[in-house]
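Q: One-letter residues, chain by chain:
Protein chains: 2
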Amino acid sequence: MLRTFLLAGSAMLGGALHAADEGHRGWTLEDQLTVPDVRTLAIADDGKAAVYVVRVADRESDKTVAILRHVDLASGSTRELLRAAWIEDLQRIPGTADWSARIDKGDGVQLYRIAAGGMVAPIVVHPATAVYGDTEGAAYLGYGHAPLPTGVRSYSWSPDGRWLWYVVLDAEPYRQTVRYDADVASERAQRRSPGRATASIFLRDSKGRDRLLAKRPHSDISTFFGRSFVNWDKDEVQYDVMEVDAAGKQRPVAMAASLATGVSRVVEDKTKRGYWRLTGPLGGRLSSGGFGMTRDLVETLPDGRTRNYGRFPFAVGDGRAVGGFVSADGKRAIAGYRTVKNPRFGLIVIERGGARMIGGGTSLNNCDFTATLDLGVCVAQSQILPPAVVSLDVASGKTKRIASVAPGHENIASLRTEPKMWVNRNGTEATGYIVWPRGYAKGKRYPAIVITHGTDADERFANQENQWEYPAQLFAERGYVVLLINVPFSTQSADFKAIYDTWVNETKDRPPREVQNRIWLNDTASFEDAVSELIGAGVVDPKRVGIAGYSRGSQSVNVTMTQSQMFRAASSGDGGYLEPAFYQSLAGSYDTVYGGPPTDPAALPNYLRMTPSLRGQEACGAMLMQMANPYPASIDLYTALRSAQVPAQISLYPGEDAASDETHIFHIPSNRVKAMQENIAWFDYWLLGKRDPASPFAGRYAEWDKMSKAAPRQCDGRKSAAED
Amino acid sequence: MLRTFLLAGSAMLGGALHAADEGHRGWTLEDQLTVPDVRTLAIADDGKAAVYVVRVADRESDKTVAILRHVDLASGSTRELLRAAWIEDLQRIPGTADWSARIDKGDGVQLYRIAAGGMVAPIVVHPATAVYGDTEGAAYLGYGHAPLPTGVRSYSWSPDGRWLWYVVLDAEPYRQTVRYDADVASERAQRRSPGRATASIFLRDSKGRDRLLAKRPHSDISTFFGRSFVNWDKDEVQYDVMEVDAAGKQRPVAMAASLATGVSRVVEDKTKRGYWRLTGPLGGRLSSGGFGMTRDLVETLPDGRTRNYGRFPFAVGDGRAVGGFVSADGKRAIAGYRTVKNPRFGLIVIERGGARMIGGGTSLNNCDFTATLDLGVCVAQSQILPPAVVSLDVASGKTKRIASVAPGHENIASLRTEPKMWVNRNGTEATGYIVWPRGYAKGKRYPAIVITHGTDADERFANQENQWEYPAQLFAERGYVVLLINVPFSTQSADFKAIYDTWVNETKDRPPREVQNRIWLNDTASFEDAVSELIGAGVVDPKRVGIAGYSRGSQSVNVTMTQSQMFRAASSGDGGYLEPAFYQSLAGSYDTVYGGPPTDPAALPNYLRMTPSLRGQEACGAMLMQMANPYPASIDLYTALRSAQVPAQISLYPGEDAASDETHIFHIPSNRVKAMQENIAWFDYWLLGKRDPASPFAGRYAEWDKMSKAAPRQCDGRKSAAED
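In order, the protein sequence lines correspond to chains A and B.
Residues 1 to 724 in my numbering are what the first sequence spells out, letter by letter.
Residues 1001 to 1724 in my numbering are what the second sequence spells out, letter by letter.
No wet-lab data here; the hints were simulated from the structure.
Keep in mind it's a predicted model, so treat the numbers as computed, not measured.
The reader is advised that the hints may include incorrect statements.
[Stated by the list, open to error] Simulated crosslink set (DSS-like; lysine-lysine; CA at most 30 angstroms straight-line):
hint, chain 1, residue 1, chain 2, residue 2
1, B, K1249, A, K706
2, A, K207, A, K341
3, B, K1270, B, K1234
4, A, K709, B, K1249
5, B, K1442, B, K1497
6, A, K690, A, K709
7, B, K1105, A, K249
8, B, K1709, B, K1719
9, B, K1270, B, K1105
10, A, K690, A, K444
11, A, K249, B, K1706
12, B, K1420, B, K1341
[What the hints assert, rightly or not] A few chain A residues facing chain B, derived, Cβ under 10 angstroms:
hint, residue
13, S158
14, D170
15, Y174
16, Y180
17, G195
18, Q584
19, T599
20, Q626
21, Y631
22, S634
23, T639
24, F697
25, E703
26, D705
[Unchecked claim] Which stretches of chain B does chain A cover? Using the computed rule of at least three CB atoms under 8 angstroms from a CB of chain A, they are:
hint, region
27, 1170-1177
28, 1284-1293
29, 1449-1460
30, 1579-1587
31, 1634-1640
Built from N, CA and C at the ideal position, the CB exists for glycine as well.
Looking at chain A on its own, in the form it has when it is part of the complex (with noise of 0.2 angstroms):
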C-alpha cells in the first residue's frame, strides 16, 4: 500500500516562501475543493524527517481522505505513506524512530505504529463499535466527518517511550429501557437518536501488559472529545476526566495512576493540574492580559505569582494556534500565538526570562519540534501562500522552505488579497481581508460579496473553516470584489470584551438591547461600512452587494438581512441561533440576547427588534440557505421570508446515507462543489442577473424568476439603523 511519489523537491521549487506570486493561472473549482488540511504533524527523533497529515477531497470515491506523507527535511523529498479514511494524533514513539497515529483503515479508528520506511502496524486493535458522525445512533455528533467507528479515542506516550496510556470506547448496546426527565429532554435539540458508549482507560507497559485504570461514562466530556490532559510524573501518570453531577453541572477532576501498581487517585493539590494548562518554563500557565491591539504576556504561577514576559501585538492560547512546548530541561518554551491586527500564527519562545517571536511573517498553525526544541517542523501559509512544510531553527528563529504540501495550488496566479482593519461608524475595529478581482481596473464599479465567520479570516490559505462553501477566491476570479470581514474582535477594549463575556458566560451584566446592539447589530454596521467604504471609493457598486457566512457567520447574515437594505442577496449557511424554535434548548444564552422566552411580554419587544424570522417584513435581498441539518429554526426562517415573499430557498445537503447527514463543515466532495455552484449560481443571479445554462442549478431559474416577480420590494440601500 505504500506510495511513492516526489510531491515538491526543495530543488524544483527552491526556497522562496513566495512562489505562488509567480504563478501563471486562476482559480478553479477543483482548485477551492481541494486545498489541503494539514491536521497533524511530527517531527522524527532526529529531526531529519517527519511527517504529516492533509485532510483532502477525493472527488473519485466522494469522500474526504486523510494522506499520511513522510518528508524529508534535507531534501524536501515527499513520500505518501498511507491514504485512509481518517488518520490523527501523529506522535514521536520516544526512544525510537518511529511515529504513531490514531488511522481508520476501514476497521474503525485504531492505534497504530508507523515505521520510518513507511510500515504500518498496529498497536492497539479495539473492536470499534462507538461512532462519532451525525448518523442515527452516533455515540457523539460529528463536526466535519464521515460517520467515524471509533476504537482508540486517545493516547499519550511516557517520555521514556516505555508506557503508553490509552482510552478505547465500547457503544453499548441498545437497552430497550424506559428514559426520563433530563435524558428525554435532551433530545429536544437532537435530530437523531443519540447512541451511548463508555470509555475505558488502560496503562500499557513495556511488556505490553494492560492495566484498566478507569471506566469512564458517556458524560465525561473530556475523555469522549480526546482532551484529556496527560502529564507523566516520575512514578505517575495524571489525566485529568470530567466529573458530571446530579445536577448536570461539569467539573474536571484531575486523576494519577500509580505505574507501579495503576491505582488511580484524585489529585488535591491544585499546583499539579493541569487542565488545558498552556505551560511556561516556570511551570505556570501562559496567557495574554490586557486589550487592544498589544497584550501583555503572562505566566502565572501555581502559588498565584505572575511574571510579565511583555507587551506584544499578539495574545497565547488560541485554539487554532499551535500548542505549548517545554523543553526536556524544562528551560525553553514555546507557545503559538495569534496576532491581533492582520491575524496570523507564529511562536513565541521564551527561555532565559525573556520572549522573543520566532517563524517569520507567514501563519504557522502546525508545528513539531525536537526533545530540545532546537529544530522544528512546521507548515507555513497565508492568505495566498499555499501550505509548506518548513524546518525552523528556534536558536536564529528563522524558517526555510522544504516542501509544498499543495503541490497542484503552487502555480495559481496569487490574486491581490489586502489585509484591512475596519472601523465602523460605532468606532469598533473589525480585521479582515480584500480579495480584489482578477484584473481589477480603476474606475469601474465591480459587484461584491461579503464573506464573514466570525473571527476566521485570517492567514490561512482558502480555510474551509472560513468560508465555508463560499469559494471567495472563485468568485474574485468572476469579477467580485470579496470582503472577507471578521466580526469585530472582543478584546479591543475592557467594555467591547464584557459584552462578549455576558453573552458567553450568559449573565445579565448588561441588558439584553445593549447586547443585541453591541455584537449582531454592530455586525451589521461593521459589514455596511467596509461596503461603503469601497463604494465611496469607487470600487464597488451599491446596486450588486451580496453577503455570505456560515454557522456564526449565518447569525449575522440573518440579522443583517433583515436589518439592512444594503445586500440584494445572501448566502447564509447551517445556522439558525437567535430563532425561537431554538429557546428552549439554549434558554441561559437566549435569555442573555434577549432577556427571557419569546412568549414572555417583557421579552418579546427585544425579539421583535433582532429575530430574523420576525423581520421577515423588513428584508428586501434573496436569501439563500444551504443546511446539512433541517433545524427547525432555520426552516422558520426559510418560512417567515417566503411567507413575506421575500426570495428565499432552503436546500438541504445529503448525508451518505438515508441514516447521517452531512455535517456542519461539509464532508463529502460532491456536496461541496454543488454547495459552491449554487453559491455562485445564486449570486450571480441575484446579484449580475447572469444565467449559466450549464450549472447543476440552472433547474431553479424559473423558480427563482417567479420569486423575484413576487418580490414586493427591491433593497433600496439604506443602512440598519437599530430602533431604541
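Assemble the complex: chain A is given as a structure, and chain B must be docked to it using the hints.
A: Chain B in isolation, oriented as in the chain A frame:
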C-alpha cells in the same frame, strides 16, 4: 402451523350475552394487557362459518401478534388458523369458499388465500421494502404497530371473483440529492429521516396475468393508506387516487380502468365518484343531519335530491362503526351507526323505503354479511361484555351468541359501570361512564380518576384507544372511582358544532377566545363538574382526585392541570398540541385557537391564557408525561412545570431498537405493562400517599419525595375560572 383449540363452544357458555356478570374474579394487569382487539372479520360465502383476526399482546415474544381464527357458526367451535406479525383486510374470495387477507408471515405484508380448511397460500408476494412505522427511513409513520415492511397495501376482488385489483409498494432507494424548500420544511415536524416509496396499481385477470394500471407517487395518500374506494362496474374498475398540485393542495380524482384493455381514464361524471361513500339503497350517500340527541337519517342522491328516513338516536358515518353494505340486488342497505347517548355501535337496515335498527343492545363494531344481506356475523361487546362472535338474522334483527373472542376475560366479575350524561355549568353535555370501585360502600369517600380521550368512551370492552395505558378497571379494583368522560360532543347544537368546525376547518368563523372557552376550557369545566357531582354526593374525596388522558385527552389534561386546582395528580400521554413549539408545523390550526403565532403581540395574550407550558406557575398537581416520542412541545411543558417546581416527570418509552420508536398507541407489550404500572405507582403515590416496594417504579419514589417537598403549592380544590 395450524393450531386447533376450542376457544369457547356455545354449549359451554350458553347464549347469555351477560355471562361475565356472573364471573368470579377481579381484573389483573394481564387482563388489561390482553384485551383482544378485533381487526377484521368475514363470513363464509355459505354463511356457515366466519374468520376473524384479533391483535393481542404476546408477553413471551414481547410483540403484539395477529391471530386468525375460524369459527363454525353452528357449534361455536373456534380454531386458530394462523398467528403472524400482521393480518388485515379479510375478504371472501367471490365464487369460492375461501378468504383472502394481507398477512406478514415474516417477509412483509403480502396477499394470501386462506382455505376454509386453514391452508394459507400466496396470491401476491412483492418484495416488501416500504416500511410503515416510527422508524428510520419509513415511508410513512405507523400508528400502533411495529415497523411493518409492506409489499401489498390494498386489494379488491371483482364481484364475480375473476378480477383482482391490488396495490404494491416499492421503497425508493436513497438518493443522495439536494432537497429544496417544502421538501426540507416538511422535516420540521419529523423526528426521523423519512423514506419515500412508489405505489403500483395492478389488475390481475382470471388467468393470473397482471396489468399495471398506474404508478402512484409517495404523495398519494389515498393509495398509500389503503383508502382508495374501489368500485366494480360491468366493464371497468373504478378507484380513486389523490393528486397533489405544486402548491401542495390535495384533490381526490376518480379513475376508471377498462377491464378489457387496462387503459385508465379520469371519471368526469360526479355521480360516479365514490370517495368515502356510505351507500344507501337508492344509490345515494347516507348521512345524519341535524343536532342534539336524535338525527335525521338522510340519503343524498347523486343528483342532489335527498330522502329522509326519519329521526333516530344515532348518527351514521362514524369511522369506528361498521361500514356500509348493499345487497347484490341493490334493494337492501345496511349501515353502522353510533348512538348519541351512551355511545354504542349498531346497525340500521334500510329497505323498501324504511329504516330499522337491528342487533340488540351491545356494540357491533365488526360485521360481515352474505351477499344477500340476509345473514350476518358480528363481534358484540360492551363496557362489561368481552367481545364475542354473534350471528345476526337481518330479517328479525336478532343476534345469537356463537363464541367468545376473549375466553380469558369471561370469568372476570364485571365492575359496576354506569353510563352517564353530565351537563356542566355551561350547559354542555358530555357522555361517559362511572366505573365504580369493586365493593363500593356507600358513605365512604373514594379517590377518583378521570380518564378522557376525546370521544372514545363508549360501549367497547376496555378499549385501548380510549384507555391507552390507564388501567381503568384495575384502578376500580384498587378502590378508585373511575370516570371515563368524553369531551362534550360537537353535534349537541348548531352553535357548538360551529365552534368545532371553526377549529377543525381552521377558519376564523369564531374568535380564538371563544374557541378556547368552548373547547378546552369547557372540557375542564365538564371534568370538574362531573367530579363535583360525586363529591357532592359524598362518593369522592375532593383531596384525592386525578386525571389522565393521551393524545386529544392530553390536551384536556394539560389545560385542566394549568387551570384547575381540583386535580392533585395527572398522567398526560404522548401529546403536545397547544404548545408553541408546534406552531410552525400547525400554523393554520394554531391561528384558529390563538389568533396567530406566539410571537405576534396581539396573539400572545391568547397563549398566556391557555398554553399549558406558559402556565406552570398556575399548576399545583403532579404531572406524569408518558411519551412514545420526545416531542419538543411535550419537553417544553415538562421543563416549564419543573421550572415552576411543580412535580413532573417525563418518561420516554423505548422502541424495538435504536432506530425506531414506540408508537402513539403503544404496541410493545413490555412497554404497555410498564406504563400501566407507572400510572398505578404515580396515582397511588400522589393521591393516596402509597408506596409499593415491589413496583418496578419504586426506584422513582426518592425523586418524587424531593419534588413533593419542593413543591410551592398544594391544590386547594378551586375550580377553573377563565380570564377574559
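Q: Next step is simple, just say for each hint if it's right about the structure.
A: Verification of the supplied hints:
no.	hint	in the structure
1	K1249/B x K706/A	holds (19 angstroms)
2	K207/A x K341/A	violated (52 angstroms)
3	K1270/B x K1234/B	holds (18 angstroms)
4	K709/A x K1249/B	holds (23 angstroms)
5	K1442/B x K1497/B	violated (39 angstroms)
6	K690/A x K709/A	holds (16 angstroms)
7	K1105/B x K249/A	violated (50 angstroms)
8	K1709/B x K1719/B	holds (24 angstroms)
9	K1270/B x K1105/B	violated (41 angstroms)
10	K690/A x K444/A	holds (19 angstroms)
11	K249/A x K1706/B	holds (19 angstroms)
12	K1420/B x K1341/B	holds (8 angstroms)
13	S158	violated (39 angstroms)
14	D170	violated (15 angstroms)
15	Y174	holds (4 angstroms)
16	Y180	holds (6 angstroms)
17	G195	holds (6 angstroms)
18	Q584	holds (5 angstroms)
19	T599	holds (5 angstroms)
20	Q626	holds (9 angstroms)
21	Y631	holds (9 angstroms)
22	S634	holds (9 angstroms)
23	T639	holds (6 angstroms)
24	F697	holds (9 angstroms)
25	E703	holds (8 angstroms)
26	D705	violated (15 angstroms)
27	1170-1177	holds (count 4)
28	1284-1293	violated (count 0)
29	1449-1460	violated (count 0)
30	1579-1587	holds (count 3)
31	1634-1640	holds (count 4)
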